[in-house]
Amino acid sequence: MTKTSTTIGSDWGYAPAPESADHFKLKDQYGLFIGGKFVPAASGKRLKTINPANEKVIAEVADGGEKDVAKAVQAARTAYDKVWRKMSGRERGKYLYRIARIIQERARELAVVESMDGGKPIRESRDVDIPLAAAHFFYHAGWGDKLRYAFPGKSVSPIGVAGQIIPWNFPLLMVAWKVAPALACGNTVVLKPAETTPLTALLFSEICQEAGLPEGVFNLITGAGSTGAALVNHPGLDKVAFTGSTEVGKAIQKSLAGRGTRLTLELGGKAAHIIFEDATIDQAVEGIINGIYFNQGHVCCAGSRLLVQESVEEEVVTKLKARMESLIVGDPLDKNTDIGAINSKAQWDRIRDYLKIGEEEGAELFQTKCSVPEKGYWIRPSFFTRVAQSHRIVQEEIFGPVLAIQTFRTLNEALEKANNTPYGLSGGVWTDKGAKIFKVTRGIRAGVIWANTFNKFDPTSPFGGYKESGYGREGGRHGLRPYVELS
Amino acid sequence: MSRNGTRGSNRRLDVRKTYKMLIGGAFVRSESGRALDVEAPGGQWLGHVCRASRKDIRNAVVAARKAASGWAGATAYLKGQILYRAAEMLEGRASGFQEVLQSIGLTPAAAKAEVSQAIDLLVYYAGWSDKYLQVFGAVNPVATPHFNFSVTEPMGVVAYVAGEKRPLLDLVSGIAPIVVGGNVVITLSTSRASVAAMELGEVLETSDFPPGVINLLCGLREELLGQMASHMDVNALVLQGGDAKEQTACREACALNLKRFFPKEVNEKENEDPYRILDTVEIKTTWHPVGG
Numbered sequence: 001m002t003k004t005s006t007t008i009g010s011d012w013g014y015a016p017a018p019e020s021a022d023h024f025k026l027k028d029q030y031g032l033f034i035g036g037k038f039v040p041a042a043s044g045k046r047l048k049t050i051n052p053a054n055e056k057v058i059a060e061v062a063d064g065g066e067k068d069v070a071k072a073v074q075a076a077r078t079a080y081d082k083v084w085r086k087m088s089g090r091e092r093g094k095y096l097y098r099i100a101r102i103i104q105e106r107a108r109e110l111a112v113v114e115s116m117d118g119g120k121p122i123r124e125s126r127d128v129d130i131p132l133a134a135a136h137f138f139y140h141a142g143w144g145d146k147l148r149y150a151f152p153g154k155s156v157s158p159i160g161v162a163g164q165i166i167p168w169n170f171p172l173l174m175v176a177w178k179v180a181p182a183l184a185c186g187n188t189v190v191l192k193p194a195e196t197t198p199l200t201a202l203l204f205s206e207i208c209q210e211a212g213l214p215e216g217v218f219n220l221i222t223g224a225g226s227t228g229a230a231l232v233n234h235p236g237l238d239k240v241a242f243t244g245s246t247e248v249g250k251a252i253q254k255s256l257a258g259r260g261t262r263l264t265l266e267l268g269g270k271a272a273h274i275i276f277e278d279a280t281i282d283q284a285v286e287g288i289i290n291g292i293y294f295n296q297g298h299v300c301c302a303g304s305r306l307l308v309q310e311s312v313e314e315e316v317v318t319k320l321k322a323r324m325e326s327l328i329v330g331d332p333l334d335k336n337t338d339i340g341a342i343n344s345k346a347q348w349d350r351i352r353d354y355l356k357i358g359e360e361e362g363a364e365l366f367q368t369k370c371s372v373p374e375k376g377y378w379i380r381p382s383f384f385t386r387v388a389q390s391h392r393i394v395q396e397e398i399f400g401p402v403l404a405i406q407t408f409r410t411l412n413e414a415l416e417k418a419n420n421t422p423y424g425l426s427g428g429v430w431t432d433k434g435a436k437i438f439k440v441t442r443g444i445r446a447g448v449i450w451a452n453t454f455n456k457f458d459p460t461s462p463f464g465g466y467k468e469s470g471y472g473r474e475g476g477r478h479g480l481r482p483y484v485e486l487s
Numbered sequence: 001m002s003r004n005g006t007r008g009s010n011r012r013l014d015v016r017k018t019y020k021m022l023i024g025g026a027f028v029r030s031e032s033g034r035a036l037d038v039e040a041p042g043g044q045w046l047g048h049v050c051r052a053s054r055k056d057i058r059n060a061v062v063a064a065r066k067a068a069s070g071w072a073g074a075t076a077y078l079k080g081q082i083l084y085r086a087a088e089m090l091e092g093r094a095s096g097f098q099e100v101l102q103s104i105g106l107t108p109a110a111a112k113a114e115v116s117q118a119i120d121l122l123v124y125y126a127g128w129s130d131k132y133l134q135v136f137g138a139v140n141p142v143a144t145p146h147f148n149f150s151v152t153e154p155m156g157v158v159a160y161v162a163g164e165k166r167p168l169l170d171l172v173s174g175i176a177p178i179v180v181g182g183n184v185v186i187t188l189s190t191s192r193a194s195v196a197a198m199e200l201g202e203v204l205e206t207s208d209f210p211p212g213v214i215n216l217l218c219g220l221r222e223e224l225l226g227q228m229a230s231h232m233d234v235n236a237l238v239l240q241g242g243d244a245k246e247q248t249a250c251r252e253a254c255a256l257n258l259k260r261f262f263p264k265e266v267n268e269k270e271n272e273d274p275y276r277i278l279d280t281v282e283i284k285t286t287w288h289p290v291g292g
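Same order as they appear, the protein sequences are chains A and B. The opening residue of the first sequence carries number 1 in our numbering; numbering runs sequentially from there. The opening residue of the second sequence carries number 1 in our numbering; numbering runs sequentially from there.
Among the hints, a few may not be true.
[What the hints assert, rightly or not] Each pair of labels, with its calculated beta carbon distance range: (1) B:L220 - A:E359: 47 to 53 Å; (2) B:V135 - A:P235: 34 to 40 Å; (3) B:A26 - A:R352: 51 to 57 Å; (4) A:K345 - B:V135: 46 to 52 Å; (5) A:E105 - B:A244: 47 to 53 Å; (6) B:A35 - A:K433: 53 to 59 Å.
[Stated by the list, open to error] Simulated crosslink set (EDC-like; lysine to aspartate or glutamate; CA at most 16 Å straight-line): (7) A:K56 - A:D28; (8) A:K319 - A:E277; (9) A:K56 - A:E374; (10) A:K439 - B:E153; (11) B:K55 - B:E223; (12) B:K165 - B:D243; (13) B:K131 - B:E153; (14) A:K436 - A:D278; (15) A:K439 - A:E416; (16) A:K250 - B:E252; (17) A:K345 - A:E55; (18) A:K439 - A:D278; (19) A:K154 - B:E270; (20) B:K17 - B:E99; (21) A:K254 - B:E252; (22) B:K20 - B:E205; (23) B:K55 - B:E31; (24) A:K154 - B:D273; (25) A:K94 - A:E210; (26) A:K154 - B:E272; (27) B:K264 - A:E485; (28) A:K45 - A:E66; (29) A:K254 - B:E246; (30) A:K433 - A:D278; (31) B:K66 - A:E416; (32) B:K20 - B:D37; (33) A:K319 - A:E286.
[What the hints assert, rightly or not] Which stretches of chain A does chain B cover? Using the computed rule of at least three CB atoms under 8 Å from a CB of chain B, they are: (34) 257-268; (35) 473-487.
Calculated directly from the structure, the hints in this document are not laboratory data. Being a predicted model, the structure only gives us computed values, none of them experimental. Glycine is no exception: its CB is placed at the ideal position from the N, C-alpha and C atoms.
Based on the sequences and whatever the hints tell you, model everything.
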């Protein structure tokens with residue numbers, strides 16, 4: 001693999017293969033979705049959402065404020081009291097099945113918009129984000145009338161109105177992770193999407209209309225951080241679910257401390273990806289690539305710390321470099337693109353800061369030589385070697401295509417390094433020895449562990465962190481727990 | 001806790017017990033050298049208990065952390081047997097405990113009932129040891145060729161603040177679900193309940209719990225709660241009783257390291273509940289490809 005890939009000439013490059021965006025029409029402006037209707041923000045303020053691959057404005061969306069949040073919470077409360085909590089679980093489930101089907105029907109449109117708004121390669125939005133979002137609704141739909149089997153010995157009831165705040169890395173998929181279990185369990189929702197990626201959540205609001213979902217069961221407030229704060233601080237919520245940074249998660253816990261509001265947090269990570277000398281190295285290299293360069297590294301569970309056994313370090317790094325050189329960075333809508341645009345200018349700056357910090361700390365930076373477009377926000381696939389456990393690039397979440405490579409000699413040393421961060425969201429291990437797999441997967445203090453694979457997701461599979469990566473699970477039977485009252 | 005200077009006709013002087021805390025398997029006084037008076041409800045002086053300091057809490061966390069991986073790795077069968085052994089030891093000292101509970105104000109009937117309930121609760125949770133994973137774990141039917149399963153794992157070091165109403169039962173009902181979940185625990189008992197806690201230490205020490213798995217401290221709630229809630233190496237805080245203000249302060253302090261926080265009402269009915277084990281365990285999901 002290594003030899004051939006280095007001798008292929010430029011004649012063998014891929015021709016552009018852009019996905020078309022002419023089969024749907026986005027509006028120039030979108031309102032908030034409150035009580036089943038699109039309405040402008042009370043203040044009349046709007047935000048522009050930008051395509052990070054060409055810095056062009058795609059659409060304007062409403063900038064929701066306290067008044068809008070209050071209206072949305074009221075709409076959700078009314079829908080909860082008058083309609084949703086009274087409806088049988090079976091009927092609730094049927095709405096979710098409808099939503100799942102419409103997501104599938106509008107899949108290509110959603111995938112293209114996701115890639116335009118957030119910068120992720122169309123191959124990922126088409127093959128991962130959108131199908132998983134549909135699957136999430138399909139899975140949870142079936143729980144609607146079966147909740148008593150999920151919690152043996154308990155009687156189950158909904159909590160009430162949930163305020164949910166989601167990040168920009170998997171915009172529609174995070175809508176699904178948050179909304180599907182909440183609705184299946186009988187709660188109503190006010191959701192705030194990320195400032196930079198509101199569009200698929202707005203299309204999802206249309207889908208709720210198309211599905212005939214009762215008014216006020218799902219409400220959407222677009223806006224920036226202050227809109228999210230207004231939502232969290234609204235006293236009418238019974239439950240808050242947040243996915244985002246650990247820093248903001250801690251602040252939310254503090255601001256909710258004096259209220260009875262339930263809280264679940266899905267926060268940052270700095271996953272260790274451990275490669276043993278007895279691993280199938282070629283497959284492991286693919287795993288490393290998928291672990292850190294999937295979705296530009298904008299993944300809370302990314303395998304951002306590679307721990308490679310000393311005896312195979314040279315082989316792994318050599319093969320990794322060769323494989324990285326074949327990655328195509330560029331137009332997110334091109335079907336050949338492996339790594340799309342960095343989601344926003346702010347995140348782009350942040351990643352470039354970390355690249356500087358890493359070099360200043362004395363680590364050695366490797367970046368591929370691929371070309372990148374002139375406009376837009378791009379980072380070539382990167383890794384650091386010669387890093388120490390105390391380096392900021394080892395301890396802090398970069399949220400970009402930047403890997404820190406360390407070595408180890410013994411299994412215990414690997415585990416010690418793996419667990420030596422405040423985070424505990426995910427981890428990975430590659431070895432062909434079964435007993436070693438179980439020892440390592442048990443030893444890593446994290447909520448999701450991939451053995452001989454990485455970055456796999458499924459609606460039936462619980463996801464969530466240990467330690468400062470947050471608490472609560474999303475997906476699977478365990479993901480229902482944050483949305484029910486047990487007695 | 002008999003404080004009669006003499007007993008019977010032989011005029012023999014009783015040998016009193018010095019109540020000590022249990023930290024890392026050793027019976028110790030507070031490093032601060034401080035003590036608290038314990039009085040019966042009628043105001044009669046019963047003796048001294050330790051007044052733990054924040055430094056004692058930190059020492060206990062270190063001892064607990066040392067014991068954490070060993071206890072987490074112990075088999076479910078072994079953990080169940082050790083909890084059952086604790087029930088055996090408590091049964092053997094049932095009459096002594098009844099006497100202690102009476103001395104701090106319980107009626108004979110209430111004291112007897114509380115000791116019986118505490119013993120039965122230990123047996124109850126001992127039995128869950130090798131079963132709760134089967135009830136609460138899962139094999140997940142993912143839509144890709146992977147074997148995917150979710151198991152419970154202990155959170156690690158758990159701090160438990162016991163109520164005072166039922167001096168023995170409030171403590172046992174907190175400890176049992178925490179340690180059967182594979183966690184190690186640091187408990188704080190207060191006021192008269194401290195006496196029962198220090199007596200319980202002697203039961204637990206003869207039940208084969210490895211040193212550091214259960215650490216029993218006593219002192220002032222308002223002095224020590226902040227240290228327990230803000231300690232960066234404590235993974236969870238379970239708080240029994242307390243008012244809204246106290247719970248708010250705990251939640252805020254717990255945000256420092258996203259310590260899991262569980263305020264618990266004192267509710268007898270909820271003592272026997274496997275979902276209490278779920279409070280202080282994490283769910284870990286593991287993926288592995290299926291194929292050649």
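- Query: Does the structure break any of the earlier hints, and which numbers would those be?
  - Reply: none
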